[in-house]
Amino acid sequence: MFQNVGEMVVLFWATLLALPLTWRQRHKVFDQFFEIGNASLLMVCILSFFIGGVIALQTGPLLVERGLGSYVGGVVGYSICKELAPVMMSILIAGRIGSAMAAEIGSMQVYQEIEALRTMNIPPVNYLVLPRLVAIAISLPLLVTFAILVGWLGGACVSVANSHIGLSFPAFFSSLRDAVEVKDVANGVFKSFIFALVIAVVSCHQGLITRGGPRGIGRSVTKAVVNSIVLIVICDYLLTRILLK
Amino acid sequence: MSDTPNNSRGVSVQVRGLHKSYDGQEVLLGLDFDVHPGEIFVIMGPSGSGKTVLLKHLIGLETPDAGQILIGGQPVQSPELMDQYRMAMVFQSGALLNSLTVGENVGLYLSEHRLKPPDEIARIVSEKLEVVGLKGNEDKMPSDLSGGMKKRVAIARALVIEPQLILYDEPTSELDPLSALVIAEEIVNLKERIQVTSLIVSHDRDLAFGVADRIAVINQGRILTIGAPDEVRRNEDPLVKKFLHADFKRL
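Sequence order for the protein chains is A and B. Note that my numbering has the first sequence beginning at 6, numbered continuously upward. Note that my numbering has the second sequence beginning at 367, numbered continuously upward.
With a straight-line Cα cutoff of 35 Å, these simulated DSBU-like cross-link-like pairs (lysine-lysine) come out:
| # | chain 1 | residue 1 | chain 2 | residue 2 |
| --- | --- | --- | --- | --- |
| 1 | B | Lys422 | A | Lys228 |
| 2 | A | Lys33 | B | Lys482 |
| 3 | B | Lys506 | A | Lys33 |
| 4 | A | Lys33 | A | Lys228 |
| 5 | B | Lys506 | A | Lys228 |
| 6 | A | Lys33 | B | Lys501 |
| 7 | A | Lys87 | A | Lys228 |
| 8 | B | Lys422 | B | Lys506 |
Computed, partial: chain B to chain A, Cβ under 10 Å:
| # | residue |
| --- | --- |
| 9 | Lys422 |
| 10 | Arg452 |
| 11 | Ser465 |
| 12 | Leu533 |
Derived from the structure by calculation, the hints contain no laboratory data. Quick caveat, the model's predicted, so the values are computed rather than measured. Backbone N, C-alpha and C define an ideal beta-carbon position, used for all residues, glycine too.
Same shape as in the complex, but just chain B:
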């Protein structure tokens, strides 16, 4: 199911037998899954289950010990991949460049690749910041922002790329419920507007069951289940049930 390069729609992701270990400790134990073009795919699992490591492999920041990742049919380590497909990642911490203003951070991709003239970049930056509810904050420094605001700026920075594949690492952590809802709506809007493929790593069950086309539950480097939200909810695996139904009321 390899896609021919197409710049206006999402790309597929195929993960085959992915293994990774650090200092002898196995983190990923042979993951296999497909993400279809334009799909919102959420990976859930407890802390330390290998979700963020998986995301870093998907965008080529880490090299697997074994196995393969194909983006649009091409290996993720292929040097041409980044030129062929537009991909973005929203880091859990935001990972804004602290020496640049908010506006410069959001417009960095366009200015560094010289894709637009400065006034056009300023307009796009303002537009994307408005999407995440931060219009008018262009001249602030990241150190002036709260954790949640940094996350929203990071999302605006990803939106500027008009990505075909967008990876979110805990997009709603540190956000209040209203801001989380705004982000969730934007994830769905993006899918409808540019058919982007979205891969989300999250603990947030509300987000996962609210936006996902399919959900995978991962634990200790293995996938426990993959399916549509309803299928996952009905899954009888005790670990899946325990994770999905963990509740403070039980205390």
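This is chain A alone, in the form it adopts within the complex:
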């Protein structure tokens, strides 16, 4: 993975240079946007609702037992918006969308479609990488914002329904409002923006360096997902260190 970091940086830079051409590629951006956003919405909804619920279930009874019931909303809200929603949703999207990107571009590479683009003086970066990077960089932060809200709702539902916690909705959200500030949500959304860039660059790069036949495509898909997840976790640590200051 790390031997290709230089190539990935070059690919990212080339894509940034192509950004002024985004309007030209708007139809492809919308297609990708639909694929990433709309098609992942239900999955994001279910995942984040239950993550919120689990956090409330794990921390709620402990806090209530120690007389800290008024902190349940804050703990759930803070952990979801700063850590769980951005990381879990990014891992979900790396699996769903990163794999699709690597498979599609990888198969185009294997079946000479990318060489055909080059012979027509159509740079693959502009035609293939740019729309995907722009679409995921917009849609993942939106999905994470949505996931944060649904995660809070999941935490609130469990806190109300579980007899060991026994909070009311107003009490849960009052605690959440006391602990979570807008900048905390922005912090999580910003992280997801960086993770989106990681997923797009790693997956597209993996697709572009695919060699061999169907086995090569399969290998690229696996590498794209695994490398994206590893880099997301590493970036998460580094970003948390930077953003905590």
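Let chain A serve as the given structure and place chain B on it in line with the hints.
Same frame as chain A, now just chain B:
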């Protein structure tokens, strides 16, 4: 013999001392030849002799280990070359974009470079598909086509560029004799109509001797002979004779 840039006629190709190896295995061993503007130049040779690798070098998809390729007098790796000269390649597999329709594939160059409005592109696409006998197939997906039809769509896609240099990788493989004849006629028509330089890699002796102005025979990365079809036919090199006269009757 470098050409000044001219958008209405074919360009020259000069190959000098071209070497290429992959993982220590030498594929091209110092090729030298010229292709004149507007000429149909056919490169023949057995499978694995380096023909397709040579084509990829000529369009800049591969970088040589040593040697030089000049298109219209300019190095093929020069970034301005693609803006200055229109070049197209017809891949052996067709290399159509499978996620696009036939019409979108054929019009891709024009739409991506914004050279024509959409209705004009649709007209040109229809016209080029008619040339290759596939009019009315604009909305089909490449997966709906046979191998031969894909090849013809790839040729239509190349024609849309109105190229000054067109490279064909086995243009008649997978085609029935009648379709092969249509393609051969189109190659000759293109030369007469827009003076395009055509470089063809093929095993097809009928195609080579039917359309070529000159033929090169290549074997194991070396050129065995270059000349007009009659000269090549009379060549006494045993490898050339063996390749040109291979016949099932001998079985």
